[in-house]
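**Student:** Residue numbers (UniProt numbering), protein chains in the order written: chain H, 1 to 239; chain C, 1 to 239.
There could be a bad hint or two in this list.
As the list claims (entries may be wrong) - Here are the simulated DSS-like pairs of lysine-lysine, each with C-alpha atoms no more than 30 Å apart in a straight line: (1) K141(H) <-> K141(C); (2) K121(H) <-> K58(H); (3) K141(H) <-> K120(C).
Stated by the list, open to error - Label pairs and their calculated CB-CB ranges: (4) W68(H) <-> H188(C): 47 to 55 Å; (5) E65(C) <-> T69(H): 29 to 37 Å; (6) G210(H) <-> K121(C): 48 to 56 Å; (7) T69(C) <-> V196(H): 33 to 41 Å; (8) P84(C) <-> R60(H): 53 to 61 Å; (9) S228(H) <-> R60(C): 33 to 41 Å; (10) D59(H) <-> Q157(C): 41 to 49 Å; (11) A67(C) <-> W68(H): 48 to 56 Å; (12) S228(H) <-> D164(C): 43 to 51 Å.
Everything labelled a hint here was simulated from the structure, so no lab data went into it. Using N, Cα and C, we set each Cβ at its ideal position, and we do this for glycine too.
There are 2 protein chains.
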Amino acid sequence: MTTDIASVKAIVFDTFGTVVDWRGSIIADLTQWGNDNGIDADWAQLVDAWRGRYEPQKDRVRRGEIAWTNIDDLHYEALCTLLPEFGLSNLSDAQRLHVNRVWHRLNAWPDAVAGLTRLKKRYVVGPLSNGNIALLVNMAKHAGLPWDSIFSCEHFQRYKPHPDTYLGVCRQMYLEPHEVIMCAAHNHDLDAARSVGLRAAFVPRPTEYGPGQTTDLEPCADWDVVASDLQDLATKMGV
Amino acid sequence: MTTDIASVKAIVFDTFGTVVDWRGSIIADLTQWGNDNGIDADWAQLVDAWRGRYEPQKDRVRRGEIAWTNIDDLHYEALCTLLPEFGLSNLSDAQRLHVNRVWHRLNAWPDAVAGLTRLKKRYVVGPLSNGNIALLVNMAKHAGLPWDSIFSCEHFQRYKPHPDTYLGVCRQMYLEPHEVIMCAAHNHDLDAARSVGLRAAFVPRPTEYGPGQTTDLEPCADWDVVASDLQDLATKMGV
């Protein structure tokens with residue numbers, strides 16, 4: 001394994017789920033906000049329903065049914081559609097915007113900041129996320145993520161798993177695909193990265209989707225690295 | 001002044017000259033490299049001649065005479081043209097590439113890292129530079145610049161002072177122009193930023209071009225902030 005990854009110069013990270021705990025963060029944030037503002041709802045069910053719209057919404061862009069639309073706008077549209085089911089039709093525009101921006105306020109998994117800080121000593125580290133630029137910048141400041149740069153699919157106007165996203169990072173950084181390793185808690189993301197020549201590191205996040213998660217509990221292929229978390233990834237990457 | 005800048009949420013920095021000492025860094029780097037490799041040249045004259053091609057080269061892109069070309073490629077072309085005058089025609093391709101990449105290895109002015117670290121506590125900080133993405137990422141790692149994100153003209157495929165560069169940052173970050181302040185050691189950059197609504201902060205770098213510098217020794221307009229260096233800027237921005 002050491003030989004395999006000796007050429008790696010940059011590590012790019014799926015972010016939602018791999019680096020930050022979106023579900024736990026959103027439930028905690030909106031529960032507090034609801035309590036502070038006298039707004040009651042089943043926030044856990046809301047976030048699960050909201051996330052349920054995530055891939056179908058991106059698919060509309062991927063299939064060309066709608067023009068490029070960033071994640072904040074896709075989230076907002078889905079949120080407004082869902083609010084009536086949760087008894088929240090009366091939220092003002094400002095409140096809807098605040099709720100939508102919860103994705104900018106996600107917290108890191110407990111190992112993430114320390115792991116990235118170690119990895120940053122030797123490697124270029126950055127998100128390679130479907131999240132848009134402002135979202136990723138604001139999230140990094142909120143969660144203390146020490147990125148070297150932000151690689152957002154918004155820069156490429158393509159959503160993962162389009163090859164332009166993985167190869168776009170390589171082109172911008174003048175790196176060969178085998179010099180970049182994609183780290184994700186999602187096997188399908190790694191499969192797409194590997195298919196265009198990148199290395200792949202799997203980190204399981206078995207509670208990303210809550211206690212009943214059934215997917216991505218194990219690596220589904222012989223990924224270049226399998227680590228228990230980002231601290232373990234740092235150890236396995238030699239830093 | 002405090003009222004004027006109270007709405008500022010992000011500070012973007014011209015980088016060559018404002019944050020890093022390109023001339024001093026390049027002379028020191030290439031002198032050392034020349035000594036290590038038995039290559040003798042007047043490196044100070046080379047860097048001055050090289051920088052002399054910088055605006056004319058970008059002008060070719062600005063006028064549409066050539067397609068979008070990033071700074072590394074413009075630097076490389078200019079370097080190869082200059083080498084014969086400096087007795088360096090025999091440099092190999094690998095040596096030319098190493099010399100060209102000296103722009104990725106620039107050092108910060110003495111106040112820059114500490115000043116940016118303070119500013120980062122309250123503001124989004126990033127370069128807004130004509131330098132390309134890889135150059136800015138590698139430079140940040142080399143010099144320890146704690147950017148929140150990299151805003152490169154390569155993202156916008158336009159060189160400053162085109163409005164798309166300044167307004168591109170605002171659009172990506174969902175900020176109004178008055179919420180962004182451009183910091184530069186160059187009055188013309190601030191003039192362009194202000195003309196599209198951004199705030200402007202001047203920091204003099206009176207030896208950027210060496211001991212005989214004659215321009216940008218003083219602010220040429222009533223910029224929103226005039227600071228002696230980035231530590232002083234942090235103080236004047238309230239952090």
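**Student:** Among the hints numbered above, which are violated by the structure, and what are their numbers in rising order?
**Tutor:** Per hint list: 2, 4, 6, 7, 9, 10, 11 violated.
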